[in-house]
Structures are given as C-alpha cells and as structure tokens.
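Dock chains B and C with the ligands against chain A, hints included.
Chains as they are written, first to last, in full-length UniProt numbering: chain A, 1 to 282; chain B, 1 to 435; chain C, 1 to 369.
Hints were generated in silico from the structure; no laboratory data involved. Each residue gets a CB set at the ideal place from its N, CA and C atoms; glycine is no exception. Any given hint could turn out to be false.
[Said to hold, decoys possible] Anything over 10 Å on all C-beta distances counts as not near chain B; from chain A, calculated:
1. P11
2. R51
3. D86
4. G141
5. A203
6. R204
7. I207
8. P238
9. K244
10. K246
11. L278
[As the list claims (entries may be wrong)] Distance windows between CB atoms, simulated:
12. A277(A) <-> I223(C): 40 to 46 Å
13. K177(B) <-> G251(C): 34 to 40 Å
14. A114(A) <-> T343(B): 31 to 37 Å
15. K206(B) <-> A239(A): 32 to 38 Å
16. A114(A) <-> S166(B): 48 to 54 Å
17. D214(A) <-> N329(C): 49 to 55 Å
18. S225(C) <-> A239(A): 43 to 49 Å
19. L224(C) <-> G150(B): 33 to 39 Å
20. D50(A) <-> K177(B): 42 to 48 Å
21. R204(A) <-> N101(B): 37 to 43 Å
[What the hints assert, rightly or not] For lysine-lysine, the following BS3-like pairs were computed, each having C-alpha atoms within a straight-line distance of at most 25 Å:
22. K19(C) <-> K222(A)
23. K233(A) <-> K30(C)
24. K222(A) <-> K27(C)
25. K26(B) <-> K351(B)
26. K233(A) <-> K356(C)
27. K328(C) <-> K277(B)
28. K222(C) <-> K150(A)
29. K117(B) <-> K233(B)
30. K226(A) <-> K120(C)
31. K356(C) <-> K246(A)
32. K27(C) <-> K226(A)
33. K57(B) <-> K117(B)
34. K175(A) <-> K222(C)
35. K209(A) <-> K117(B)
36. K290(B) <-> K336(B)
37. K233(A) <-> K279(C)
38. K244(A) <-> K277(B)
39. K56(C) <-> K233(A)
40. K226(A) <-> K19(C)
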Amino acid sequence: MHIVVCIKQVPDSAQIRVHPVTNTIMRQGVPTIINPYDLFALEEALRLRDRFGGAVTVLTMGPPSAEDSLRKALTFGADRAVLLTDRFFAGSDTLATSFALATAITRIGETWGAPDIVFTGKQTIDGDTAQVGPGIAKRLGLIQVTYVAKVAELDPEGRTITLERRAEGGTQVLKSQLPCLIAMLEGTNEVRRGTMADALSAARAEIVKWNAKDAGVEDLGKCGLKGSPTIVKRVFAPAARSEKAKVIEAPEGGSLADALIADVFARQPHLEADLTALARGF
Amino acid sequence: MIDEKFDAIVVGAGMAGNGAAYTLAKRGLKVLQLERGEYSGSKNVQGAILYSDMLEKIIPDFREDAPLERHLVEQRFWMMDDRSHVGLHYRSEDFNEEAPNRYTIIRAQFDKWFSGKVREAGALVVCETTVTELVQDAYGKVIGVKTDRGGGQIHADVVVLAEGVSGLLGTRAGLRKIPKPTDVALAVKEMHFLPQETIEDRFLLKGDEGVVIEAAGTISEGMTGMGFIYTNKECISLGIGCLVSDFQKTGRSPYQLLETFKQHPSVAPLIAGSEVKEYAAHLIPEGGYKAIPQLFGDGWVVVGDAAQLNNAIHREGSNLAMTSGRIAAEAIFQVKSRKEPMTAQNLSLYKTLLEQSFIIKDLKKYKDMPQLLHIQSQNFFLTYPQLVSKAMQNFVRVDGTPKIEKEKMTLKSFTSARSWAGLFGDAFRLARAWR
Amino acid sequence: MSEPKKPQAPAAGGRASTKKELPEHFKAYKHVWVFIEQERGQVHPVSWELMGEGRKLADKLNVELAAVVLGAEGETVRHAVAEAFCYGADLVYVGADAVLADYRNEAYTAAMTDLVNTYKPEILLLGATTLGRDLAGAVATTLLTGLTADSTELDVDADGSLAATRPTFGGSLLCTIYTLNYRPQMATVRPRVMAMPERVEKPIGRVVEHALQIREADIVTKILSFLPDRDSNKSNLAYADVVVAGGMGLGSPENFQLVRQLAAAMGAEYGCSRPLVQKGWVTSDRQIGQTGKTIRPRLYIAAGISGAIQHRVGVEGADLIVAINTDKNAPIMDFAHVAVVTDAIRFLPMLTDAFKRRLSAHSRDKMAS
Ligand SMILES: Cc1cc2nc3c(=O)[nH]c(=O)nc-3n(C[C@H](O)[C@H](O)[C@H](O)COP(=O)(O)OP(=O)(O)OC[C@H]3O[C@@H](n4cnc5c(N)ncnc54)[C@H](O)[C@@H]3O)c2cc1C
Ligand SMILES: Cc1cc2nc3c(=O)[nH]c(=O)nc-3n(C[C@H](O)[C@H](O)[C@H](O)COP(=O)(O)OP(=O)(O)OC[C@H]3O[C@@H](n4cnc5c(N)ncnc54)[C@H](O)[C@@H]3O)c2cc1C
Ligand SMILES: Nc1ncnc2c1ncn2[C@@H]1O[C@H](COP(=O)(O)O)[C@@H](O)[C@H]1O
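Chain A on its own, in the form it takes in the complex (with noise of 0.2 Å):
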C-alpha cells in the first residue's frame, strides 16, 4: 500500500503580531509547525502502513525552510518526504495549490508506484479553508471524503473501504473505493513518537527536492498567483471596539451578583421576560 500525506508548514497562529501602522505580519520569532490538524492524517496513514505494509510518502509544498516539517514528519516514522518548492508557487491561493500538489502526487505514482490513499488534514490554521483537500481530489479524478472520524475497514485486494464521516448531526458510514482522498478529522487519534531508530534515520534521510518542472508542471499558468482566480485586495485589522468593558462593582452592602443582573437585563431588556417564561417551562 502506498500512502501520500500532504502536510503544511504554518506559522503558529498563536504567536503572530501585526504590525500596528502597516498591518502586515511581523515574521520574527514565529515558529512554525506541522499544520495541527495534518498529524492526524499522518498518524492514521503510518497505522495503515503498519497493517497493511508499503510506504508513507509525505508531501508539502512551501518554501525550503518547510524541510524542518518534512524532517519531523520522518521522525514520526514516514517513509520518504518529498518538498515542492519553486518560486513559481508563491502566491498561490487553494485553486493553485491543489494544481501543484496534485502534479506533484502524479508524480511521486510514477516514481514510487501510484497511491492507494492520499491523506490530508481538516484544514489548516493559516489557510482555514478545507479547500485544498477537494481541490487535489478533484484534480487527479479521485473519490473524496472529508471530515473522516475513522478508517473502519480496509480491503486491500478488493480495493473498498469504509469510513466513518462527520456529518451534521451524526456519523455517516460509507463504503468507497481505492485509491480514495482522506481528509482526516482532529481528535481521532495521537501522533505516535518515533523510535530511536526512526529518529536516527530521519536525521540521516534526504528530502526529495522538487521545482515545478521537476514535479512535472507543464502550464506554469496554473501554478502561484497566475494561476489562482482569486485575488486580495485589502488585508485590514479588525476594528477594535472603542470603549472597554464597563467593570461592575458591588454596591454598598450589596451583592455584585444582583448588580450584574441588573445592569445585563438593563441592557437586555426583553431577555428578562424571554428568560422568565423559558424558567416557568421547567
């Protein structure tokens, strides 16, 4: 069995600063990880491979400096890492990077046998928008299913799995076919730690190097800005609120609980009534 998971460098949204004039991101000091949501996708994959044999192959698409996750990623116990880079990418907005993954996924099949299953996360923390994961689905012609809670059943030599997915209001069970897309809920399991041994070879493994020729793109059109049909115009900090919280204290001899009562249904007022006639329905 062959596994691709695509992975994404992020910077920890936790840690970033805006720029208070410019409004642009200041960069210094913000660490980047591996894009939570995607060691979800990678620990699901690296269980797979352990029962079914074959290989995890993990893919990014970033600057060099996302080797850093590639090189985890191996600690973790994948196989081989494979980085897209080329500054023909910058810029490119999900239509974009569905288009290069993609090519690069077509390309890692011919070079070390087609995938099975290509994993992705959720979303992403940068990003956010769960599109990439459709996006290379669509592009290579493979069966997509998001928002996967677990891989229940796997049939190798009959090619069908069945996977529960998270939907609103309960889990649907579905049974499809190989090679599939997994985009891979959070929470479903914990990346595992890597042996001493894993972590040795990870140290010591090169990191497959890719530009976009190298991956096989022939329409550089497709590829970053050029090819991304949306464009940003205006990036803008949210407008702060002009005045803070009004603290409130207690009042002479009187309870803080009564007075933020007060002041709340004061400003709410129809909310007291609402509330009254829900308690009566007890």
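Same frame as chain A, but now just chains B and C with the ligands:
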C-alpha cells in the same frame, strides 16, 4: 538496542553543545547530538548578547548568514532607586565597524541556525529526544546514553554533557553535585514586540545599531541581582534575575520583580505600547570559579552552563559555553588522533586547555566577587543606589541651598547610612574582588 | 500557501491579474444563488442566513436571488422550496433525484456543476458546514473558479464584483478577496456569522426543475448507515439565546460544573474555550471560537476566559458579552461589554442563585397577576 556506535554523543544543543558538536564533526568525528527541545533553541532563554570573537573561532564567516539582530553601539549602566536612575552611557562610533564585536541575538533563531551548521558539518542532530540516563560500564566509565525514545541505548566513546545549568544527568550519574542555591540566579525574561521604527526612535538608533542597558539597584529589592534591557530588530528583551537563595529568603517572586522593573519610570516609556510574547524563566550559574565542578572523567566531559562556566560579573555565558564546547572538542580530537582511549587521564587535556584560555583566567579574577556581592547584597543593591540617587539629585537640583551645604548633606547621608568603616570596607572589598 | 495569500502581497496595482478583465463568455453569468443545504428532512439554518445576505447582494446588483434545492423527490424538497420563497427567493432551481437522497460528494458535485453550467449564476453562496465545505471545494475546482472560505462579510463593490471578507492568520487580520475574472464567484459562510432574516409567509413562485443525468451506477460511494448523535452529544450552542462558557481560569474539571449549573438555571447552553477540550474536560462540540463554534447569542457570559483572538472571533456576534475574570487587563476586557473582576469559582454559584431568585420571583409575579 541500536547497533551503532558514535565517536561522541553530545547532550544538548545550546551554545556549548553546538560549539562542541560542530567542532567534533568538522574534525571528522562521527557525532550524534541529542536535544530535548522541539528544535535547537526552542528551550533556550537568553538576553541575549553574542560575542563575535568566540564564534569566529568556531565559524569564522558566521556573519554571512547568522540571524543577528543588532550590533551594539551603546552600553548603559544604570543604578536605580525607585524613582530615578544614575547612568553611565558609553556610545561610540567605533562600534560601527566592519566586523562588529557584539550583537544582540534571539536565541531561538540563532540556535536553530547554529544547529543547521552543525548538521552541515556532518553531525547527526536529533531533537525532541531527552537523554534520561548515562550508561556506565562496571568500572564507572561512561559508554553511552539512554533516551526517552523507544529502542534502547546508544553507545559512544565519549559523552559531552552540554545540558545546561541544571545538569541533571551529570548529577544523577554522580559525576557532580547539584548547584547550591547561592550559586545560581533565577532570571525571568519577556520579549516586548514593537515596530522597528519605534525601537529606533526610542533608543536613537539607525539601521542595525543596538543598545544594551544593565541595571542594578532597588529593583532587586536588596537581593543580589540585575535587570537588563536589550534591543533586537523588532522587539526588546527585558528581564531581571536574582540569586535563588535570595528568592528563597525573601519569598519574593521573580515575576513581581519583573513587574516592578517594567513599571519603573525609567523603563516604562521604553516598552510602552508593546505586545508581550514569550515569558520565560531560566537559571544562570553565578557561583564563578569556586563553583566549577569536576570537568571530566572516564568517557565524559562537561561544558558550558552545566560546568558552571559563566561570568556573572560581565554577564557572559554563551561565549564561555561555546568556547568550552570547542575546547572540549579539540581535546577529544587530540586524544582520538593519538588513537588513545577516552580515559579521565587523557581527557584531563580539556581542563589544561581550558586553564590556558580566557575562561578560567577570567573566572579566577572574579573568584571572590560572588561571595562579596552576596554577603553585602543589602548595601550594594539597596543602600548605595539610594544614596547615589540622593547625591545626584542634591547636585543637580537648584534650590538656593549653598553648594557647600549640599556637599555636606550628601556626605552625611552616606555616613549615616553606612558607617565610615563600613564604607571603606566595602570599597576595599570591591576593589580586591575586581582586581 | 493556500488561500488567503500572504498579506504582504501588494494590494492592486502593477499586477495584471488584479485588474478586472472579465472574459466574454463569463458575461452571460447573472444572478445570485444560495445553496439550500438539507439533510434528513432538515434545512440547515445557515441556508436561510445566506438567503438574507443573498437578498442584499441581489438587490444591490439589481438581479434575481435564486435558491438551489437538491435532494430526492419528496416532501423534504417540496418543503425546502416553499420555505425558500418565504426567505426571499425570486426563483428556485430544483434538482430532485433519488441519487441525491443522502449527501455524497460525487453526486452533489455533479448536480451542482451541471446547474451552474446550465443557468450561469454570477455568485454562488454555500454554508461553511461539513457538507457545504466538502461540496464547495469540489465544485470550485471542477469549475476552475475562485472560492472564499468562511467569509464574515459579503458585499458588492462599485463595478459589481463580489467582495468577500474573511479572517486570516488566526483572526488577527481580515482580508477582502475578489474573484474578478472567473465565474461564478463562490463563497462559504459559517453558521451564525450572518443574522437570520425575517421569515415572511409567501406563496410558491417560479420553480425551475432541472433533470439531472446522474445514474446511481456511476456513483462509487455508497452510504451504509447513519449514526445520529446521541442526544447528550447534541448541543444547540450555535443557535442558543444565552450561552455560558468557562475557560482555564476555572482551574479544574470539577469547577466546570459551576458553568453547567449557571447555564441550567438560565435555560442556557454551555460552552468552553479550547484548552478545556484539549484537556478532555469538555467535549469538542462545546468549543467556541475559530476552530469551534461561532455563536450569536443575545447574552454571552465568559468565566475565566482570557479572550484570545481565536476565541474572540467566535463570540463577537453576541449582543451582550459579560466577562468574569480576575484580571482586569485580560484581553477579553477589550471586547466584553460588561465585566466583573472577581474569582469566578466563588462568584458563579452566587450568580446562579441570584438568577434563580430573580427569574422565579418574576414567574411568581406573573402567575399571580
Ligand atoms: C535571562 C538570561 C540572559 C542571559 N544573557 C546572556 C548574554 O547576554 N550574553 C551571554 O553570553 N550569556 C547570557 N546568558 C547566559 C547564557 O544563556 C548561557 O550561559 C548559555 O546559554 C549556556 O549554554 P549551554 O549550551 O551551556 O546551555 P543551554 O543553552 O541551557 O543549553 C542546554 C541544552 O541542553 C538541552 N538539554 C538539557 N537536558 C537535556 C537532556 N537530558 N537531554 C537532551 N537535551 C537536554 C536543553 O534543552 C538545552 O537546549 C543569559 C542567560 C539568561 C538565563
Ligand atoms: C490554531 C489555533 C486555534 C485556536 N482555536 C481556538 C478556539 O476555537 N477557541 C478557543 O477558545 N481557543 C482557541 N485557541 C486557543 C487560544 O489561543 C487560547 O489559548 C485559549 O482561548 C485560551 O483559553 P482560556 O482563555 O480558557 O485560558 P487562559 O488564556 O489560560 O486564560 C484564563 C483566564 O482566566 C482568568 N482567571 C484565572 N483564574 C480565574 C478565576 N479564579 N476566576 C476568574 N478568572 C480567572 C485569567 O485571568 C485568564 O484571563 C486556538 C489556538 C490556536 C493556535
Ligand atoms: N502547501 C501545502 N502543502 C501540502 N499540503 C497542503 C498545503 N496546503 C494545504 N495542504 C493540505 O490541504 C489541507 C487543507 O488545507 P486548507 O485548504 O488550506 O485548509 C491541509 O490540511 C493539508 O493537508
């Protein structure tokens, strides 16, 4: 069990570990470096100043791609009381030289860069791996390490302990004692982010110029300690540290001190409007020469903070760390090239070389300083700063008091706070410790 | 490197692709469409929220607002069609076929792209739900057009282009995204980000039934079963009128009971900040914020929550935000309306009692009168 043996295992990827691993790998040894942090530098806290000379001795052309923040053109020393500071500012155009002498750095980024160099030099660097135990043979010789990863122990001819100030591994293996609370300071630090232009305006800087402020006085509330403010490109590192034993005695928390320091009228305007990221606490070895533990043994050497090699008076740590790492590596290389075993006797070369370097010489020079400052902390960190401030105010304030009276008042305030004998004694002691 | 693009990318100016030069064949694309999402007989309320937004866009552009209803022929579809008119549709496109009985990406993508290619809308809006996101990504890639995810504001600019604004970099910034030269212009919007429009009783209007050419045999994926969430898992957080939430300031899972108790006393829903989910104190469907639920209650009470930006983006739509925090400088003070600076662990039980007293006193008054 991994059937692979390395020439050397370096524990820790801080300044000392990187200095050692880089030098060993450059000399062609088969090196494994283990770091518990997510990446080299992820756990490292420092002000931080980089001293070029010591890095040049390891990586001569480091300026080409190292992540340097600002080169220092100005040094300020502040003696503070609650509402004022008396300062000595030294700024010189000479520091705008071709190859500047000192830089501010952000350790997380710098260490990552350094680690990249270590890798390029050919060492295997494995992060997120904590060494849990030193493996010793029946005779007590260190022959390898155990880690928290599955898959057993790894062997090497020599283990370089560069695990930083707490030195747990060495302690656990019985190679050294736990540092005494009087020998370590606890420092807390924050990064205050501000737009580059704001920092340059506030400190009167252009381009990559930078400033360091070191402050002592009532901010440490009578404890032995110091505050510091360093300018980086887009942030200001600010912190304060005091001896652990003093914190124990007074029950004050370092965080409270830092808050007071930040609110000091001389400090607050420098960081106003900043966004605080990264609050960190770290220990600094302050024991000086007298606290240096055993530095080598059968199959092991200890370098950097783990060996208490830190010059508290000059706030130099990372340069001693990388230099001791480099020197240890050179000693190991010499033993190895003579095809001799890594016995304590052979590795004593490390100590010999260290003694010939500035490290031991500097530490010896100030060997009495830690004790002096410690015993006299009330005077040095509380009484004198207040007196000096009073004297200065008395000097500059024009209020019709005849100058002769002013001088008398100043003198009187000094002598009434400390007896003449006390004053002379302190001056004498200070001079002797410094000499 | 996916959307949104780096904010450093210079705005407009200089780059050809940022100019509007709509190719001739796209000029026929007109009207605003809203995809009406329904599963197992229920229309997702986000669809009606989008109808409210769609109406405003259509009016500005002076075009029609159409609803798109897909599903198996039957009562569910009929009901959705009728409701669409009550929420302002000028017309409704219906793709009714047995293959669409349950949501499956292959069938729905085929149906949707077929409808778009046939009737050519200029704007297509979908809810950013699990279904909507799954469908939108596939449809946009098939049509090779742009898609803006999780928009928080929709507008049309002077030359009639859709301006979709969305948070970027974890909510620290907002960006406005255009799809100038491709059609349709697609966007998804999370539930509760837009206000629910008023429902106005209206008769069924123009309905365009579209015969789909999809055969069940061509659809590889089969649905074996659907396991509905147990009732206890079902939170109505997103749509609750009053939400009480707790954060790390509560200190322990036991103290989180205090939040549940206050919520129960008020007939409110309860939620939490992310670390509580990560620690396993509370289930993930209760998480509020960027990676949890967006809420729009009339009253939101946050106890021991610092108000990090990722939390803030999920609660800003609340009419009234009350913060209970020991730190008067916590970030939440910048967007809460009212605050009490006190220990939540001690204060919550008092507040619960006070609410109980006040609400029951009223109900006694009213019953007496
Ligand atoms: C607030 C502050 C300000 C300072 N300012 C300056 C300054 O301006 N200039 C200056 O020169 N010095 C300064 N110093 C001192 C300087 O930072 C240290 O002397 C220097 O970092 C020591 O380097 P080291 O490699 O010995 O230890 P460290 O940098 O502490 O590195 C030790 C490494 O070992 C790793 N490690 C520990 N245990 C294990 C284990 N069991 N397994 C695997 N890995 C392990 C740690 O994660 C760490 O990365 C400052 C220190 C502090 C705290
Ligand atoms: C990619 C990403 C996505 C995220 N998504 C979300 C999300 O969807 N939702 C979310 O909530 N977070 C999210 N976060 C996490 C977010 O950044 C914050 O870490 C989190 O919201 C903090 O939770 P908290 O306020 O409960 O805890 P803290 O930040 O620890 O705050 C605790 C607060 O409680 C106060 N306090 C302490 N003791 C008491 C007491 N006794 N009484 C009253 N107050 C007290 C403190 O003053 C403090 O303000 C995300 C982070 C990332 C990186
Ligand atoms: N640049 C990239 N390189 C590799 N995988 C990516 C990249 N961008 C997105 N992905 C994958 O697509 C998923 C969804 O991303 P997004 O659409 O940005 O939310 C992620 O979880 C990744 O698995």
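Results for each hint:
no.: 1; hint: P11; verdict: 13 Å, holds
no.: 2; hint: R51; verdict: 19 Å, holds
no.: 3; hint: D86; verdict: 22 Å, holds
no.: 4; hint: G141; verdict: 38 Å, holds
no.: 5; hint: A203; verdict: 5 Å, violated
no.: 6; hint: R204; verdict: 6 Å, violated
no.: 7; hint: I207; verdict: 12 Å, holds
no.: 8; hint: P238; verdict: 15 Å, holds
no.: 9; hint: K244; verdict: 16 Å, holds
no.: 10; hint: K246; verdict: 24 Å, holds
no.: 11; hint: L278; verdict: 42 Å, holds
no.: 12; hint: A277(A) <-> I223(C): 40 to 46 Å; verdict: 41 Å, holds
no.: 13; hint: K177(B) <-> G251(C): 34 to 40 Å; verdict: 37 Å, holds
no.: 14; hint: A114(A) <-> T343(B): 31 to 37 Å; verdict: 57 Å, violated
no.: 15; hint: K206(B) <-> A239(A): 32 to 38 Å; verdict: 35 Å, holds
no.: 16; hint: A114(A) <-> S166(B): 48 to 54 Å; verdict: 51 Å, holds
no.: 17; hint: D214(A) <-> N329(C): 49 to 55 Å; verdict: 52 Å, holds
no.: 18; hint: S225(C) <-> A239(A): 43 to 49 Å; verdict: 47 Å, holds
no.: 19; hint: L224(C) <-> G150(B): 33 to 39 Å; verdict: 37 Å, holds
no.: 20; hint: D50(A) <-> K177(B): 42 to 48 Å; verdict: 46 Å, holds
no.: 21; hint: R204(A) <-> N101(B): 37 to 43 Å; verdict: 38 Å, holds
no.: 22; hint: K19(C) <-> K222(A); verdict: 18 Å, holds
no.: 23; hint: K233(A) <-> K30(C); verdict: 23 Å, holds
no.: 24; hint: K222(A) <-> K27(C); verdict: 22 Å, holds
no.: 25; hint: K26(B) <-> K351(B); verdict: 21 Å, holds
no.: 26; hint: K233(A) <-> K356(C); verdict: 51 Å, violated
no.: 27; hint: K328(C) <-> K277(B); verdict: 19 Å, holds
no.: 28; hint: K222(C) <-> K150(A); verdict: 16 Å, holds
no.: 29; hint: K117(B) <-> K233(B); verdict: 23 Å, holds
no.: 30; hint: K226(A) <-> K120(C); verdict: 24 Å, holds
no.: 31; hint: K356(C) <-> K246(A); verdict: 24 Å, holds
no.: 32; hint: K27(C) <-> K226(A); verdict: 21 Å, holds
no.: 33; hint: K57(B) <-> K117(B); verdict: 14 Å, holds
no.: 34; hint: K175(A) <-> K222(C); verdict: 5 Å, holds
no.: 35; hint: K209(A) <-> K117(B); verdict: 20 Å, holds
no.: 36; hint: K290(B) <-> K336(B); verdict: 31 Å, violated
no.: 37; hint: K233(A) <-> K279(C); verdict: 39 Å, violated
no.: 38; hint: K244(A) <-> K277(B); verdict: 22 Å, holds
no.: 39; hint: K56(C) <-> K233(A); verdict: 22 Å, holds
no.: 40; hint: K226(A) <-> K19(C); verdict: 12 Å, holds
Of the numbered hints listed earlier, those contradicted by the structure are 5, 6, 14, 26, 36 and 37.
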